[in-house]
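S.K.: Residues per chain, in single letters:
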Amino acid sequence: MALHFGEHGEREQEHEGDVAHNTRMGVILFFVYILFYGGFMILSAFWPKVMSRPILGGVNLAVMYGFGLIVIALVLALIYMRVCRKSN
Amino acid sequence: MIHESSTLAVFVFLFFAGTVLGISFYLGRRAKSAKGYFAAGGGIHWAVNGVAFAGDYLSAASFLGICGMIAFFGYDGFLYSIGYLAGWIVALFIIAEPLKRLGRYTFADALDNRFNSRGIKLAAAVSTLVVSCFYLIPQMVGAGALVQPLLGFPHYVGVLVVGFIVTIIVTTAGMVSTTWVQFIKGTLLVVLCAFITVLILLRGLSTQPPGIPGKEVVVFKAGVPAAEVTGVAGAEVLPEEGAWAGKPYVRVRNKTTGTVAVWRKEGDRLSETQTVAVLKDGKKLVNGLPRGKGEGQADLASVGYPSKLPGNVEKTGALGPVEFIRTMEESEVVLWRSDRIVDSDGTATTIYYQKPTAGKDFMAPGSSPTFSKVRGSKFTDKLDFLSLMLALFCGTASLPHILIRYYTVKDQASARKSTVVGIAAIGFFYVLTLFLGLGAMTSGALDVTDSNMSAPLLARSFSELLFAVISAVAFTTVLGTVSGLIMAASGAVAHDLMTNFMKMEMNEHRKVRAAKVAAMCVGVVAIVLGILFAKMNVNFLVGWAFNIAASANLPALVMLLFWKRTTKQGITAAVIVGMLSSLGWILLSAQAYKDVYGIDPAGAIVPFSQPAIVTIPLGFAVLVIVSLLTQRPGEKTKAAA
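From first to last, the protein sequence lines stand for chains A and B. Read in order, the letters of the first sequence correspond to residues 534 to 621 in our numbering. Read in order, the letters of the second sequence correspond to residues 124 to 764 in our numbering.
Because the hints were derived from the structure by calculation, they are not lab data. Do not rely on the hints blindly, as some may be mistaken.
Said to hold, decoys possible - Derived, one-sided and incomplete: chain A residues facing chain B with beta-carbon distance under 10 angstroms:
1) Asn555
2) Leu562
3) Phe563
4) Tyr566
5) Tyr570
6) Leu589
Claimed, not checked - Derived lysine-lysine pairs resembling BS3-like cross-links, with alpha carbons at most 25 angstroms apart:
7) Lys416/B x Lys388/B
8) Lys619/A x Lys533/B
9) Lys582/A x Lys501/B
10) Lys403/B x Lys416/B
11) Lys619/A x Lys540/B
Where a beta carbon is used, it is the ideal one built from N, C-alpha and C, also for glycine.
Based on the provided sequences and hints, a complete structural model is requested.
M.R.: What follows is the structure, encoded as C-alpha cells:
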C-alpha cells in the first residue's frame, strides 16, 4: 500500500449537486438505522422479557438483534459507499 | 485476589513500547509543518486510517470494561458494545463528509468555517479540552489499575509510564506517529481477540473449567442442608447480632482453629461464600485467615464455572459460535455478587456469595445492577437507560479525538472508505466481546474483586504466554487512545486558542512548537488527574465523557449542516449551554453523590444520572432560539450542505 506523507493540495473541489446527493443519501440511511436502533432500545427498556425469547437456532432475540445491529451498520455503510458520488 | 505479575508481560510490553517509540522518532522528521503535525500531511491511506479509527476508539474501557461486565453480569455489558458501534453511523452518515469539507485541523475549524467568530473558536476549544480531559481520566486510571496486577508496579508508576510514553509519541511526530500507534494497536487488539475467541470455542464449556494453570479450580458448596454445616463436631454458630442481625448469613466458627466461615442462607440451605475482612488496624483477613499465599494464610479463590450444562453433561467439547451462545442460554452459571457488613468495632467484611443464574436470565437485558431497572416499572429508571444509549449513539461523532482523524486522509471518498473500514474492524471486535466475556465467565479464572481483570485472566486460563501478550496489548491499548486525546487537546490549544482566538502571530515552525509544548502540558495534567482519581470507576467516567461530548458538540454540528439560519451566536451558546448543563447534571446526579462525594445518593437533585436525553435537546433548543434572536437582515448565510 502506498504511503504518502507529503503535503497535498488544499481541499478538493466538489460539485454542489454531488454534495447535496451525498448528504441526502446519508440522511436517508441514517433514519433507516434509527428505526432499527430505536426499536432495540424501546424493546429493551419496556419489554425486556420479549428479548429473552429464543427465536432462531435457540438463540434469543437480545443476542440476535444485537448482532443484527452491528451487521446492519456495516451493510448500510457499504451501501452508502456505493451510492455516494465522487466529483473528480 | 493476589496476582502474580509476569516478567514475560513486562518484556512483551517493553518490546511494544520500544517499537512504537522507534516509529515515532523515525517519523518525527516528517511532521515539521503544521499540516504534517496536526493532520499527518493529509496523506494517510484510507485503510490505515480505518484501522487507526479502531485503535483510537477501542479504549481500555471498551476492552476491559465491557469484557468484565459481560463476565460478571452477562448480556448487559454487550449493550455498551451495541451503543458504541451505533455511534459510528452518526459519524459516517451525518458528520464525516461536512467535517472534512469544512475543517482543516480541528473540530473548531469546521464549526467556525462560515462565521470566523472568536466566540465559536473559544467555545469549541474549551469543549474539546473538557471532553478530552474527562475521557483522559478513565484512560489514565485504567493504565494505573492495569499495571499493578499485570506488570507488578504500583498504580502511579502505570500512570507515569503511560503519560511519559504518550507525551514522547505526540511531541516527536504529532498525528503521524499517533496514527501509526493507533494502527498497530487496533490490529493487535482485533487479531488477538479473534484468536482468543477461537480458543474459547475450541475449548467449549465444562462444569470443571481449567482455571489458572497450576491452581485447581475450587468448586464451591452450594445448597447444603444447614444441619450438615452447623451440626458437625467442633462447629459453633455465632449469634446474629449487631450488624449481622437480620442478614442472610450464618457465621460458623471452627472451635479448633478459631477461624470463622460465613455461609449464605437461603431457606434452610446454606452456600459457601468468600470473605475479605478489613480490621480496624488495616489488617486483611481472607476467609478468616491472614491474607497471603503462605502456610496458615488464605487468598480468594478464582471463580466462574457453569453449574449445569444442557443435557447434564460435564463437558460440551468444541462448539460453533451459534452453538456456544445457545449452550450458554441453556446453562446455569455460578455468578458472584458481593455484600458489605461493617461491625461496631470497625471491621468491614465484604462477602462474595454465589448466585447460580440461568442463562435465560443473564443473556437478556437487565441482568446487571446498572441496567436491572429496565426490568422494573419506574419510568425515570427506563429514561436513565435510554439516555445512556442515546449518549453512546450521539457521543461517538462528537468526540474530538475521533473527529480529527478525518483530517488525515486526502478527500471525502477516503473519509467515507476509512469510516467503513473502521466500522468493520470495530463491529467485528464488539461481536467478539460477547464471546470473550462469556468465555471469561466460564473460565474458572475470574477474580471476584476486580471485573476489569476478566479478559487478561481469561487469557491466563489458556497460557501464561497469552496472558503476557494480552497484558501488554491492554497496556498498549491505553497508549493509542491517550495519544489521540492529547493530540486533540494540543490542537485545541495551539491552533484554536493561540493562533485563531488570541490571534498570535506564529510561523509554521513556532506553531508546531507551541502545539508540542501544549501536548507536554496536557500530558502532565493527564498524569496528575490519573493519580488523583485513582479510585474512580472507569466505566462511569467514559459514559459521562460521551454525555458531555454529545450535549456540547452534536447540536452545533448538526444544525450548522442542516439549518440555514444558524448564527454564530447560536452555535456559541449551544456549545456552552450543552457543555455546562451536562457537566452540571452529572455533578448533581445520584451516581456522582455516591461515587465522587461519597454521600447519600437519595439526596441527588436530578431525577436520573445520564443527562443526554435532556441536555442534547436543550442544546438544539438553545441554538434555535439564540439563532432566531440574532438574525440580521441582509446578512444571509449560505447553506453549507
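S.K.: Give me the numbers of the hints this structure contradicts, sorted from smallest to largest.
M.R.: Going through the list in order, the structure violates hint 7 alone and respects the others.
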